[in-house]
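Number of protein chains: 2
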Amino acid sequence: MPENTRVTAALIVIGDEILSGRTKDVNIGAVADFCTDLGIDLKEVRVVADEMDDIVAAVNAVRARYTYVFTTGGIGPTHDDITADAIAAAFGVALPINAEARAMLEARWKQTGTEANESRLRMARIPEGASLIVNSVSAAPGFRIGNVHVMAGVPVIMRAMLEAIAPTLEGGRKVQSVTVKAAVGEGTIGGALAALQAEFPDVKMGSYPQMGKDRVMTELVLRSEDAERLELAAGRVRAMVAEAHRLAGVEPPGDAY
Amino acid sequence: MPENTRVTAALIVIGDEILSGRTKDVNIGAVADFCTDLGIDLKEVRVVADEMDDIVAAVNAVRARYTYVFTTGGIGPTHDDITADAIAAAFGVALPINAEARAMLEARWKQTGTEANESRLRMARIPEGASLIVNSVSAAPGFRIGNVHVMAGVPVIMRAMLEAIAPTLEGGRKVQSVTVKAAVGEGTIGGALAALQAEFPDVKMGSYPQMGKDRVMTELVLRSEDAERLELAAGRVRAMVAEAHRLAGVEPPGDAY
Chain S
423 MPENTRVTAA LIVIGDEILS GRTKDVNIGA VADFCTDLGI DLKEVRVVAD EMDDIVAAVN
483 AVRARYTYVF TTGGIGPTHD DITADAIAAA FGVALPINAE ARAMLEARWK QTGTEANESR
543 LRMARIPEGA SLIVNSVSAA PGFRIGNVHV MAGVPVIMRA MLEAIAPTLE GGRKVQSVTV
603 KAAVGEGTIG GALAALQAEF PDVKMGSYPQ MGKDRVMTEL VLRSEDAERL ELAAGRVRAM
663 VAEAHRLAGV EPPGDAY
Chain U
423 MPENTRVTAA LIVIGDEILS GRTKDVNIGA VADFCTDLGI DLKEVRVVAD EMDDIVAAVN
483 AVRARYTYVF TTGGIGPTHD DITADAIAAA FGVALPINAE ARAMLEARWK QTGTEANESR
543 LRMARIPEGA SLIVNSVSAA PGFRIGNVHV MAGVPVIMRA MLEAIAPTLE GGRKVQSVTV
603 KAAVGEGTIG GALAALQAEF PDVKMGSYPQ MGKDRVMTEL VLRSEDAERL ELAAGRVRAM
663 VAEAHRLAGV EPPGDAY
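Here the protein sequences line up with chains S and U, keeping their order. For my numbering, add 422 to where a residue sits in the first sequence, where the first one is 1. For my numbering, add 422 to where a residue sits in the second sequence, where the first one is 1.
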């Protein structure tokens, strides 16, 4: 397929707490689902520490390579929140207090009787040239500069920000998928599957072992942008799996294994 | 602290199913916990697709930089399992059938009445010069070449392989941590915390917002290899938080917020 039909993305997860194991990330899966729904091809994810050099290097490594970059984490009010500093450094721009961000924060602070202090005002520092990403949960905005979308790490806020940016993103041609379940191990059908993959280079075939209650199962996932070719390939894979079931003398798996 | 006391690592998670959102990764958290327990500093994680060039580039980008590299995924019997091929390419070595790996697999196949076929034999292909990592769950081994440890993606097998390699890894000086909970938002204490961080550069202070039932809370996590300095810093942080509680007229949080 022509390269220009692909819309691609990378995600950078920023935070020592993920790398130490203290916090278990759930944003990778949420961003992956979000991209798949929009027809955006998430090509890589990096998890980096709260270190200026590491964040700058990761952002600059991916922003020229993909249509979109998403980052999560490090935009709070404390000294270890350095994502805005790192993004400003990566783009070589200043990091002034943004009047619109300040107004959003002050409106919320007034509402909740929260004191405006220097630490909280850090959250209004936005790289020059960036536009804001609204935070419906706790007011402190994310921002977009170039193709880089900087979002909060707290999952509920991150998901609200994804909803906010969704209308601004150009989706790609959606990849459709068909799953075929087999009641045999993937080694049993690996040869036949490889032959079908060679025959259908435009339908990506993935094989995933599943440990069932009593026996090993396999889930085959076929993905393509071309619905007709996908259905054709799925028919061939289903026939191949049925034959494998017959040879092994096993019943096809139900949906609930 | 001297650089030579640090033992570092990177993790490469290999698999289209993670990037599409179809499978939600749990191996990052497990490897992070494993490293923290051994005193190994996990410095970065990358999630890459089942693409030869992407895997080779990621492995070569990190293996010279860190003490250890771990990979998960892509060592099964089907055509989309190309991790062994990619690691052999990254190291510039051949990928022959390994006699020891073949014997492990054949012993298991005999036991379970599984047919030995070309697809299953793919799992005995091990880069030249690598040593095997025993798989107590399903026999197909992982392997170690240089500082790179190649493991399965299925979480239960991945964890068994981590247990298998643990005795072969050199741990670093363990980082200890103290958590201090505050019943105020992180913006309230961010300035005082930054001042304490400046005073204790050898104690890393992280601040994590928590959405409590009724109000915003903050967890402060202090980490250091030096137990005495950690305790000293923790005492100062506790006093700072107590003063913030007094000023805000709130009770300290219990353990159960």
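Careful: at least some of the hints might be erroneous.
Identical copies carry no separate label here, and so any pair may be met within one copy or between two of them.
Calculated cross-link-like contacts (lysine to aspartate or glutamate; reagent style EDC-like; alpha-carbon spacing at most 20 Å) [to be verified]:
1. K446 with D463
2. K532 with E650
3. K626 with D463
4. K532 with E647
5. K532 with E641
6. K626 with E650
7. K596 with D648
8. K603 with E439
9. K596 with E653
10. K626 with D455
11. K446 with E665
12. K626 with D475
13. K626 with E641
14. K446 with E522
15. K446 with E647
16. K626 with D507
Simulated from the structure, these hints should not be mistaken for lab results.
Verification of the hints:
{"no.": "1", "hint": "K446 with D463", "result": "between (24 Å within a copy, 16 Å between copies)"}
{"no.": "2", "hint": "K532 with E650", "result": "neither (57 Å within a copy, 42 Å between copies)"}
{"no.": "3", "hint": "K626 with D463", "result": "within (13 Å within a copy, 36 Å between copies)"}
{"no.": "4", "hint": "K532 with E647", "result": "neither (50 Å within a copy, 42 Å between copies)"}
{"no.": "5", "hint": "K532 with E641", "result": "neither (54 Å within a copy, 24 Å between copies)"}
{"no.": "6", "hint": "K626 with E650", "result": "within (14 Å within a copy, 56 Å between copies)"}
{"no.": "7", "hint": "K596 with D648", "result": "within (9 Å within a copy, 52 Å between copies)"}
{"no.": "8", "hint": "K603 with E439", "result": "between (37 Å within a copy, 16 Å between copies)"}
{"no.": "9", "hint": "K596 with E653", "result": "within (15 Å within a copy, 54 Å between copies)"}
{"no.": "10", "hint": "K626 with D455", "result": "within (18 Å within a copy, 34 Å between copies)"}
{"no.": "11", "hint": "K446 with E665", "result": "neither (42 Å within a copy, 31 Å between copies)"}
{"no.": "12", "hint": "K626 with D475", "result": "between (37 Å within a copy, 17 Å between copies)"}
{"no.": "13", "hint": "K626 with E641", "result": "within (14 Å within a copy, 44 Å between copies)"}
{"no.": "14", "hint": "K446 with E522", "result": "neither (33 Å within a copy, 37 Å between copies)"}
{"no.": "15", "hint": "K446 with E647", "result": "neither (33 Å within a copy, 23 Å between copies)"}
{"no.": "16", "hint": "K626 with D507", "result": "between (40 Å within a copy, 19 Å between copies)"}
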